[in-house]
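> Listed here are the chains, written in short residue letters.
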Amino acid sequence: MLTYLLAFILFAVGLYSVINKRNLIKIIMGIIIMEHAVNAFLILIGYRISGKAPILEKGTSVTEFVNSAMDPLPQALVITSIVISLGVVALMVALAVRLYQHYGTFDITEIRKLRG
Amino acid sequence: MLPLFVAIPLGVGFLLPLIEEFRERTRLFAVTVLLETGLLLALSLVKFGEKSIYRLGGWPPPIGINYVLDGLSSLVLVVISGIAFVTVLFAMTYMSKYENLGKFYGLFSLMLAGMYGVALTGDVFNMYVYLEVAAISSYALVGFNRGAEELEASFKYLIMGAVGSVFILLGIAFLYGSVGSLNIADISVRVSEVSDQSFILLSTALFIVGFGLKAAFIPFHSWLPDAHSSAPTPISAMLSGVLIKVLGVYALSRILFNGLNLPSLTPQLLTWIGAGSMFIGGMIALGQNDLKRLLAYSSISQMGYITLGLGMGGIFISQGKPAIATLALIGGLFHLVNHATYKSLLFLFSGGVERIFGTRDLSKIGGITRVSPVSGATGTIGTLSISGVPPFNGFWSKLVIVIAAIWGGLYPIAGIVLFTSAITLAYYLKVQRELFLGEVVGEIADKGKISPGIYVPLLILAICCIGLGLLYLPEIRGIVLKPAALALQEGSEYTQLVLGL
Amino acid sequence: MSGMSPIVKTVTRWVSPFILAFGIYIALTGHLTPGGGFPGGVIIAGCFVLLTLAYGKEKVDGVFSLKSASVTDSLASLSFLCMGLLGYVFGRGFLNNFIQSGFPGKAFELLSGGNMPIINVAIGFKVGGSLFVVFAYLALFRAIEEE
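Protein chains in written order, with my numbering: chain A, 1 to 116; chain B, 1001 to 1501; chain C, 2001 to 2147.
Derived by calculation from the structure, the hints in this document are not laboratory data.
Don't be surprised by glycine CBs; every beta carbon is placed ideally from N, CA and C.
Do not take every clue at face value.
What the simulated footprint calls covered on chain A by chain B, stretch by stretch (three residues with Cβ under 8 Å from a Cβ of chain B suffice, anywhere in the stretch; the number is not a length) [said to hold, decoys possible]:
no., stretch
1, 17-27
2, 56-69
3, 72-84
4, 98-111
Chain A extracted, bound-state conformation (with noise of 0.2 Å):
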């Protein structure tokens, strides 16, 4: 129970980095602690205590693999939106790079042209 409070703790600590803070690189940061935070959940929603890694081996029976082994969903589904994640970081650095081209700051109260 403390593992999955832990990985809402980490959520909790990305979203407060996204609302509150200014600079972009933390908000970009933020996003990223999100992300893994969602991800850890993920994994601990497949775990088994003392089970093994869902791997077929050599000389195992299958059914005494799907008695041991964990949940191998939950772990195809991260390495997915860690790809997905990967794209939007990837987009975000660089338009953050632009961005401070353009305006010659991370402070996101300095960058301003739109209303509202």
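Once you have looked at the hints, place chains B and C on chain A.
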């Protein structure tokens, strides 16, 4: 046939940047994408009304990913393809002076692939992946001009979109943790057997926040006016016309209606979110002077109508009034189709206006009808449709929503809808007065720029605006809109189709 | 920007072939052991990033430029799509493992996954290419700033 909807745009999206690495061939890119969207439009029209599922990789449904074509998804497919076709037709002329068009059309195709995927897939996580494909392409497309404002809008959109995606993923995690399946049909079978419903409610709340960020419901709307007004005009039309509907409302209602069987209180919540978005979006739009920003706020308001229609449908389903529920759902979906046509018409029109006058500030320009009668006329049709003047399509869908609200006894909702219609009429009358009527105001940058390539797409959409009013007739409505509404209403039908129970 | 100190260069020269080989191994045996196209591609891209950092952009440009990375990226994604479409044409559906059903290999051997290894290789190239593109573009930004 169904995977071709995703595979064709995906292939074009990878091919065009590859060709661009060796040679810049603007015409070729545009024609390829036009052919692609035309082919997809034909395909979606051929497939319209069909009910089938496709097993990806040959795996049977609860295990593998499956694509589902039912009434609702075939309607959404036609909307996506139609708007994309017209937009590309417009972009052929409008975007021809820009650089890096291979990347532009490539990203456009990827965005299409993502939207088709969201419309077709029957798996929650697969939906998330397609949603991200479409969303990431749109983040890049909003900042395509690489000016300071475009980048700022794109960054804002990106941050909000990323937070929304994280919420959706967390919702999926909770859903998988408590239900143990990701297939929407399988979830709807298992969800009633779950003993602890609190996690289901939690994941519903997370979905509403996440998809609400994508659909720009009112507390989460702040990115939309910036992104939609800063994007290149064809992209604004795509974003406002299709993307927020498919990624936001369609995906949310698919999960809530077909997957989770409408957890208690969610229809009420959706209805009030819809009413709030509708009212507040309209009020803010009243005060706007930039044409594109006005259209963007009006998008928030019109998205409210769609959400409201679907939410009311949910309320009536849970109250056991199936006939009125169908009517309300038809109203919401009818408005979805209508809003896609006239909002993309108006955004494309605003691009034409910017070409003619060099600015979008309503106080500095005027008399468009004298400068270019054709675009003036199409713009007038668009504004009349969106403000709900009788012969045009916008009137009929609002009428259906109001009738459903009154028959179902939700009088306050009906009042808000009528009042918001009046607000909508007010701010489009302002556009009429400032932009269309009267003497020519402002400098005409270049009259020769209004070529057939600009106004033919506008004409097509304007004809659609008039013609789609026919959907109100019960016979045509029964063929086109009713299967879509029933797909949401009859969850068991969807389960039967997918799982073959 | 002519790279780092001789120590870094020498170590990089010694280590990078092994990193590349490890990446290829991970990508090729993805259907048997933990790993697969994505981790393999990341390791391959890491090797090129290391070379770029150690030797400077100009020297690596001749071997593995931004253009070639982006072409690799597009080609690999197209070949992935082709594998999917081949499954659609010859097998039971899009991305169906039609080689596996035609020629089932012996389990736990290299040639047993049907079209999984081919897809893994395609993903490996795709991820390697696109990660390098991301890195190279961000390095390009910095180069513009320094001017």
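> All the hints need checking, so say for each whether the structure fits it.
Verification of the hints:
| no. | hint | result |
| --- | --- | --- |
| 1 | 17-27 | holds (count 3) |
| 2 | 56-69 | violated (count 0) |
| 3 | 72-84 | holds (count 6) |
| 4 | 98-111 | holds (count 5) |
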